[in-house]
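Colleague: The residues making up each chain are set out below.
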Amino acid sequence: MTLPEFFGCTFIAFGPPFALFVFTIANDPVRIIILIAAAFFWLLSLLISSLWYAIIPLKDFIAFGVVFSVFFQEGFRYIIYRILRSTEQGLHAVAEDTRVTDNKHILAYVSGLGFGIISGMFALVNVLADMSGPGTMGLKSGTELFFVTSAAQALSIILLHTFWSVIFFNAFDTNNYLHIAYVVGSHLFVSLITLLNANELYTATLLINYIVTIFTGVLAFRVAGGTARSFRKFITCQ
Amino acid sequence: MAAVNLQASCSSGLATGDDANVGSQNGEAERLERPPRRQQQRNNYGSSNQDQPDAAILAVPNVVMREPGGQRPSRLTAGGGGPGGPPPNELEEEQGLKYGAQHVIKLFVPVSLCMLVVVATINSISFYNSTDVYLLYTPFHEKSPEPSVKFWNALANSLILMSVVVVMTILLIVLYKKRCYRIIHGWLILSSFMLLFIFTYLYLEELLRAYNIPMDYPTALLIMWNFGVVGMMSIHWQGPLRLQQGYLIFVAALMALVFIKYLPEWTAWAVLAAISIWDLIAVLSPRGPLRILVETAQERNEQIFPALIYSSTVVYALVGTVTPQQSQATASSSPSSSNSTTTTRATQNSLASPEAAAVSGSRSGNSHPRQNQRDDGSVLATEGMPLVTFKSNLRGNAEAAGFTQEWSANLSERVARRQIEVQSTQSGNAQRSNEYRTVTAPDQNHPDGQEERGIKLGLGDFIFYSVLVGKASSYGDWTTTIACFVAILIGLCLTLLLLAIWRKALPALPISITFGLIFCFATSAVVKPFMEDLSAKQVFI
Numbered sequence: 001m002t003l004p005e006f007f008g009c010t011f012i013a014f015g016p017p018f019a020l021f022v023f024t025i026a027n028d029p030v031r032i033i034i035l036i037a038a039a040f041f042w043l044l045s046l047l048i049s050s051l052w053y054a055i056i057p058l059k060d061f062i063a064f065g066v067v068f069s070v071f072f073q074e075g076f077r078y079i080i081y082r083i084l085r086s087t088e089q090g091l092h093a094v095a096e097d098t099r100v101t102d103n104k105h106i107l108a109y110v111s112g113l114g115f116g117i118i119s120g121m122f123a124l125v126n127v128l129a130d131m132s133g134p135g136t137m138g139l140k141s142g143t144e145l146f147f148v149t150s151a152a153q154a155l156s157i158i159l160l161h162t163f164w165s166v167i168f169f170n171a172f173d174t175n176n177y178l179h180i181a182y183v184v185g186s187h188l189f190v191s192l193i194t195l196l197n198a199n200e201l202y203t204a205t206l207l208i209n210y211i212v213t214i215f216t217g218v219l220a221f222r223v224a225g226g227t228a229r230s231f232r233k234f235i236t237c238q
Numbered sequence: 001m002a003a004v005n006l007q008a009s010c011s012s013g014l015a016t017g018d019d020a021n022v023g024s025q026n027g028e029a030e031r032l033e034r035p036p037r038r039q040q041q042r043n044n045y046g047s048s049n050q051d052q053p054d055a056a057i058l059a060v061p062n063v064v065m066r067e068p069g070g071q072r073p074s075r076l077t078a079g080g081g082g083p084g085g086p087p088p089n090e091l092e093e094e095q096g097l098k099y100g101a102q103h104v105i106k107l108f109v110p111v112s113l114c115m116l117v118v119v120a121t122i123n124s125i126s127f128y129n130s131t132d133v134y135l136l137y138t139p140f141h142e143k144s145p146e147p148s149v150k151f152w153n154a155l156a157n158s159l160i161l162m163s164v165v166v167v168m169t170i171l172l173i174v175l176y177k178k179r180c181y182r183i184i185h186g187w188l189i190l191s192s193f194m195l196l197f198i199f200t201y202l203y204l205e206e207l208l209r210a211y212n213i214p215m216d217y218p219t220a221l222l223i224m225w226n227f228g229v230v231g232m233m234s235i236h237w238q239g240p241l242r243l244q245q246g247y248l249i250f251v252a253a254l255m256a257l258v259f260i261k262y263l264p265e266w267t268a269w270a271v272l273a274a275i276s277i278w279d280l281i282a283v284l285s286p287r288g289p290l291r292i293l294v295e296t297a298q299e300r301n302e303q304i305f306p307a308l309i310y311s312s313t314v315v316y317a318l319v320g321t322v323t324p325q326q327s328q329a330t331a332s333s334s335p336s337s338s339n340s341t342t343t344t345r346a347t348q349n350s351l352a353s354p355e356a357a358a359v360s361g362s363r364s365g366n367s368h369p370r371q372n373q374r375d376d377g378s379v380l381a382t383e384g385m386p387l388v389t390f391k392s393n394l395r396g397n398a399e400a401a402g403f404t405q406e407w408s409a410n411l412s413e414r415v416a417r418r419q420i421e422v423q424s425t426q427s428g429n430a431q432r433s434n435e436y437r438t439v440t441a442p443d444q445n446h447p448d449g450q451e452e453r454g455i456k457l458g459l460g461d462f463i464f465y466s467v468l469v470g471k472a473s474s475y476g477d478w479t480t481t482i483a484c485f486v487a488i489l490i491g492l493c494l495t496l497l498l499l500a501i502w503r504k505a506l507p508a509l510p511i512s513i514t515f516g517l518i519f520c521f522a523t524s525a526v527v528k529p530f531m532e533d534l535s536a537k538q539v540f541i
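As you go down the protein sequences, you meet chains A and B in turn.
FYI, full-length UniProt numbering numbers position 3 of the first sequence as 3, with every residue one higher than the one before it.
FYI, full-length UniProt numbering numbers position 360 of the second sequence as 360, with every residue one higher than the one before it.
For reference, chain A alone in the conformation it holds in the complex (with noise of 0.2 Å):
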């Protein structure tokens, strides 16, 4: 059993992010080469984060954690789209599939999606390696969904990470400051929200983190420019 769950709970969380990455990301170097980026910046505010939370004395209280890690990933985000703009015209040069530049929201997207890769990678890659060992359906006597809705929860978090960035961009692009608001407030939303997961309240934290996702998924469709009828033609493959 815990083989199938490994394999299961990996591919809830991973699945579509490896079905983007393959048919988005991986035949181009250069989104390669950002993803990884992206995926090393969220490193580095994840490690300011720790150091942070390791440093001062509320260690009791992870909520405190969770708020600043938000803001120091908020702060990274902001950095790699400074960066990403004022190596737009170098980017240009060298992509050899020019669409990356031409249209600002790939490079979102990509540098999003690399946020979330590797923030997903970070919740979940140890539990799953836990999962696949001998026996651990419910740790501890805890519940035995502890598994699957961490899975899911690593998902909705990936693909948020990657509307998050879209939208983010695009508001720094714009000055649309009630969108930058957004990101962040809908972050520290989200991260807050699963500090009830501690308490095993899975419906209410799934329920409205995917909620939250869709919403803001639906808002990245419509920063990158799509509406109901771009939608409905992709949908019906016209």
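Calculated directly from the structure, the hints in this document are not laboratory data.
No incorrect hints appear here.
Derived EDC-like pairs (lysine to aspartate or glutamate); straight-line CA-CA distance at most 16 Å:
hint	chain 1	residue 1	chain 2	residue 2
1	B	177	B	299
2	B	537	A	144
3	B	143	B	265
4	A	104	A	173
5	B	178	B	299
6	B	528	A	130
7	B	537	A	200
8	B	537	A	130
9	B	177	B	295
10	B	143	B	132
11	B	150	B	265
12	A	104	A	88
Given the structure is predicted, the values throughout are model-derived calculations rather than measurements.
Got chain A; can you put chain B on it based on the hints?
Modeller: Frame of chain A; chain B shown alone:
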């Protein structure tokens, strides 16, 4: 931009004392080289085909291209006068970067594969996880529980190991300077023989033991024999590029496993730090041994020994157009070439079928030293230009120019050296899927001088990257492993970026290893507790 050469080689010597296996040294040096800009650009991008041959040659010192007689004149002109008119630098840089991006990916894949093999082995075969036997070079076994004693042990061990590396590197230089190619090749062959047979056998044994699979000796022998012989052939002689790449990755992974297995814990970290510093010194300092090696090789226009470098693509394209007679003449005329396997190979290929050789782009292509051209009287005139250009380039760019070829010397040092070499080549070959393809010259119906650019990464890079990641994963924390992985890849990217910016030879190991070490320790010390708290409570940030 056409040619970006990144070469890295690392030298480290290690011999396993107890196991009596490997005397290996790795010299590490990485060099990034950029060929003269103008020509490169022309080659790759320029639509004018005539010039291409020249450009390619210039760009890639190693590769010799021969063109049909008709073209030569053009080459001359291009080479000598640079009539083509230098394209703006910017263009070149862009293109360099563009190709650079592809090269980076072409390096990411094999490096990732090598790390994957090591990490998977570490996590599934407990044999490689514990150190019970030690290398001869590490007399201090860190048995003491005291951190200070462990620290001194590690320091002493790594100093000993590094001095072995230095001595081996110098020995290699001396051998190379004296043109003792046979000894170097013998050394290389011996070490790859041991890796492919003895170490592979140990690996197989542990693998079977870990999965509790019974196997009789005849079967095991059959497998070993086939595996080893094919490996020796594809590494030292010829074989499909993919096969060769696969073997090189496997050999590097095996070597990394040996390091992980036999080095005491603290020593392994100290060695990683020391080897990257050594890499820095050996490549960048004016009298650095690796640099001397490179320059010597360049002077001789020799290629790197294929055994020790991973070539990402079909790097070499060979020079197809050479007529059989020409090639023969060349081979015979050049004294050194007879010694070098590569050259010989090339000749053979071309003899057999010139075109085929070109197309196949087997390593023989690589081996085409310019020597051939030099020796070849007819070619001489033409050649002169590129050579001169190249030299001037050397002076101008200082280090940058030289590095492409040198590595051959390093190769002799076993596994550890790595090189990244990007050669700008012309590729006539449409068939190759490489993205690098350059515009084919119209004149050349057959891809003559076609080459593609590829990257060569010395196996030493693979080894030490893998040692770092493998060591990190041996603590059982996957986040640390991932952090190291990302950090190393970013380091590699940065190295290539610096290469593109500075256009001078750079050691690739230091940045990656530094990042890797920082992230490894930071993650396991600081991040891990935080992430464990988070994931235990299912908090997602």
